[in-house]
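I would like the entire structure built from these sequences, with the hints used as guidance.
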Amino acid sequence: MPKLISRDGPEASSFVWREDGFTHIADDEAPGGELGQVIISLSRFQADGDRWLAEGRSVGVRLKPEDPVEGLAYDLPRLAVVALEFPKFRDGRALSAAALLRERYGYAGELRAVGEVVRDLAKEMSRCGFDSFEPSDGSTPEQWTISVFRFRHVYQSAADRRAPAFRERIHIPTAEG
Amino acid sequence: MYRYDAIDRSVIQDRSAEFRDQVERRLSGALTEEHFKPLRLMNGLYLQLHAYMLRVAIPYGALSSDQLRGLARIGRIYDKGYGHFTTRQNLQFNWIRLEQTPDILDALAEVDLHAIQTSGNCIRNTTSDPYAGATAEEVDDPRVWCEAIRQWSTLHPEFSYLPRKFKIAVTAAPQDRTAAKVHDIGLVLRRDRDGQLGFEVMVGGGMGRTPYLGTTIREHLPVQSLLSYLSAILRVYNRHGRRDNIFKARVKILVAALGAGEFARQVEAEWTTMDRVAVDLPDVELARIRGAFSYVRFVDASPVSSSLEAARRADPTLGRFVRNNVKPHKIAGHAIVNISLKTPGEVPGDCSSDQMDAIANLADQYGYGEIRVTHEQNLVLPHVKLDDLAAVHAGLKAAGLACPNVGLASDIIACPGLDYCSLANTRAIPVAQSIAQRFSMPDVAESVGELKIKISGCINACGHHHVGHIGILGVDKKGEEFFQLTLGGSGAEDASLGDVLGPAVAYDQVTPAVDALVQAYLRERRGAERFLDTYRRVGLTPFKAAVYAEAH
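Going line by line, the protein sequences match chains A and B. Residue numbers for the first sequence, in the working numbering: 2 to 178. Residue numbers for the second sequence, in the working numbering: 652 to 1203.
Note that these hints are calculated values from the structure, not bench results. Check before you lean on any hint, since a few could be wrong.
What the hints assert, rightly or not - Below are the DSS-like pairs computed for lysine-lysine, each with C-alpha atoms no more than 27 Å apart in a straight line:
#	chain 1	residue 1	chain 2	residue 2
1	B	K816	A	K89
2	A	K65	B	K1129
3	B	K981	A	K65
What the hints assert, rightly or not - Just the calculated beta-carbon pair ranges, DEER-fashion:
#	chain 1	residue 1	chain 2	residue 2	range
4	B	E919	A	Q47	25 to 31 Å
5	A	R52	B	L1074	52 to 58 Å
6	B	G846	A	E12	56 to 62 Å
7	B	Q875	A	R153	25 to 31 Å
8	A	K4	B	A657	36 to 42 Å
9	B	N1111	A	E12	41 to 47 Å
Note that the structure is predicted; figures quoted are calculated from it, not measured. Don't be surprised by glycine CBs; every beta carbon is placed ideally from N, CA and C.
Have a look at this one:
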């Protein structure tokens, strides 16, 4: 079974390998006989999602960067996974999509990064709300942990709920000059 | 000025460690150049024609004397003993070796400097008024808001992989010294009728191959909402800006495609649904930042300096320096001193390590330890007592930095051009040097008056030619360098894009053409009109005749 890098709990400060029970199903591919867990495209979900969910499958949806997350807002409670695609790691649209899913639509389920997923973006992806990763660069959970927590402080509030500098400073009014 | 606290320091140290790891992976072959390129660009490291170039961020153009000395030291150890100040108030080292960059970043971090986001498709260094905190014109200190933007934009998790680079300028004075209207976002601080501070928010300005002036999408944004509103703009841009064509990826293209009204509507929709409390700085943090900029305890000084007046009478070069390079200060008995990095014959914006040390020492002795960088590639001592002007002038003279040409024809903006840059089609530096030589006689330059000549060695317009009173754009014609002239541009509060004069001229015809344009202006001008005013009144015709009549 393929493995995912996964956050070791919602607020955890480390990452671990996790078995991936989901299978990515292409648009022209059958979902498999036993009621397996599947990740499908938005258009496939719109066509077959209701039926598969009714059959008792766990269904995840994979969004391309140009797919609007708004279109998924009402389905989020039914989804087991939302997978957001990075066609290239420097295409940052999925970062905004992740932030919207977490902050605006309150999505609390698994948010997975797929495509060109490299540890050089680990901190951005984690901060924007991703909690599972299909790494494309052979990186390990240990490397992921280093990349995400390398920075001792952050300036912005984000989906990861880390306290930004401007909140920390209220509690540490006499930071050394 | 703002001093980094332990949190700010930790961020640049951690970034330095992160980049060291990335460089090591590149050198070991674990990262391909294709993968490494966007990562190194995010840290200001370019591969140029002859070497790597490292662009150091100078947040809103403000430096302490210690920081300037730190740059001087790095220039000596890792470069050829000089640096180059840019139109975005940054500093570039031109002769860098990749394997040394982590050590350079550590050396920069020792003086609270870094190269974070000086390149790449992210939010770049915010630029501001070099006279901030010194000019009586401003309604507020723009550095407060620049520092807020610096923190918000540094390693922003959502906005670090944008369609294209993103530049923000902030000004608080009616006279715009930031070229705000040719930035992706230009912010102009104003007070409304009730005295409330707010920003006019302009978006979609820019130069390059498709120049636009910014369009106002908000007349008066309450200052407390700045960061959430910027976040809304960036989110709309990050999601919808084009990524299929690098030449159509800047926000100006999105604004033009949607129309400013529709773009504004999307921004407002985003902004009103955003959790603004999570994004905007609380008053206590704004107050902390503001406090950091009010530390200068100006001494009492007489509004008129009899020693200065005596020195001016004795030394006409001091008189000329004061006339052209010294500007009024908000505090009686003080002045703003511009240091020209455009001495005719020199490379515009270049400054040797020895000169940096000399300026740092003058700043310590006479200027409260502060230095600013201007987008016109000069430096500024923002707070000098009138009584000390003669001594400052003498110190600058000894360092070869007393050229009294600020705002005049030889004070030319030029990009590095084909002498350094891998994008350039033509040279820009020798063109600037030749024109500056033509106007090197101070009497000649002063009789011509304010004239902004800006030179770009290619269509990317790093030399701001679109907004030059005279703009010069290098183009390649079958392997030969030609230069297209534009007239009537301005990057100031009266911003406009220049009009093409006519056919491009050959390399050795640029200075004669500029000379002909100036002669035509002198014939046409009325009263105290600047070159720009005369051009706007009479149009292209007499200038065209002057240049092309002489060419044929």
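* Falls inside 52 to 58 Å, the C-beta gap from R52(A) to L1074(B)? -> Roughly 54 Å apart at Cβ, these two residues keep to the hinted range, so it holds.
* Asked: Is it true that the C-beta distance of E919(B) to Q47(A) lies inside 25 to 31 Å, as the hint says?
  -> holds (30 Å)
* Take a look at whether the Cβ-Cβ distance between N1111(B) and E12(A) falls inside 41 to 47 Å. => holds (45 Å)
* For the pair Q875(B) and R153(A), does the Cβ-Cβ distance stay inside 25 to 31 Å? -> holds (28 Å)
* Take a quick look at whether K65(A) and K1129(B) sit within 27 Å of each other, Cα to Cα. => violated (43 Å)
* **27 Å limit on alpha-carbon distance, applied to hinted pair K816(B) and K89(A)** => holds (17 Å)
* Asked: Between K4(A) and A657(B), is the Cβ distance one that fits in 36 to 42 Å?
  -> Holds: the Cβ-Cβ distance is about 38 Å, inside 36 to 42 Å.
* Does the structure keep K981(B) and K65(A) at a Cα separation of 27 Å or less? -> violated (55 Å)
* To do: Confirm or reject the claim that G846(B) and E12(A) have a C-beta distance inside 56 to 62 Å.
  => violated (45 Å)
This entry does not satisfy hints 2, 3, 6, going by the numbered hints stated previously.
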